[in-house]
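K.L.:
Sequence:
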Amino acid sequence: MGWNIVVVSVILLLNAASTSSQSLAKPGCQQKCGDVNIPYPFGVGNNDSDCFRDSHFHFVCNTSSGHPVLLGSPRGNIPFRNISLEGQTTVHIPIAMDCYNQGGREEPMTGSKK
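Residue numbering for the sequence shown is -21 to -1, 1 to 93, as defined by mature numbering (1 follows the signal peptide of the UniProt record, and there is no 0).
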């Protein structure tokens, strides 16, 4: 029974170590922006920085509002809330709608039509 506990403990420690190593930034690079962890291959830095794999993985940590916001996208204007190496990210994108009539003029939205 003692060996079973040791084996299970070792497996749990190895699993925790691999999970924590996946969530770290490259050594010497910024690890967080506000509450968002920045795991490599993503990163924050100058364009010539080696903190990210390439320009598709480059983020900006914007601190101008007082609360750091991690921004990404080709124009650097989409706020990211979470980055997962398992293939999922959470972003904050406001939803807006403009309505136009057949003549191309904007009309106020008055509710849904059925």
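These are calculated hints, taken from the structure and not from any lab test.
Take these hints with a grain of salt, some might be off.
What follows is a set of in silico ranges between Cβ atoms, one per label pair, in the way DEER data are often shown [as the list claims (entries may be wrong)]:
id	residue 1	residue 2	range
1	P18	I74	43 to 53 Å
2	V39	E85	44 to 54 Å
3	N80	S34	38 to 48 Å
4	L64	D27	21 to 31 Å
5	D29	N80	23 to 33 Å
6	L3	D33	45 to 55 Å
7	Q10	I74	25 to 35 Å
8	P73	F36	22 to 32 Å
We treat Cβ as the ideally placed atom computed from N, Cα and C, and that holds for glycine.
K.L.:
Of the numbered hints stated previously, which ones are contradicted by the structure, given in increasing order?
P.N.:
The structure breaks hints 1, 2, 5, 6; every other hint is satisfied.
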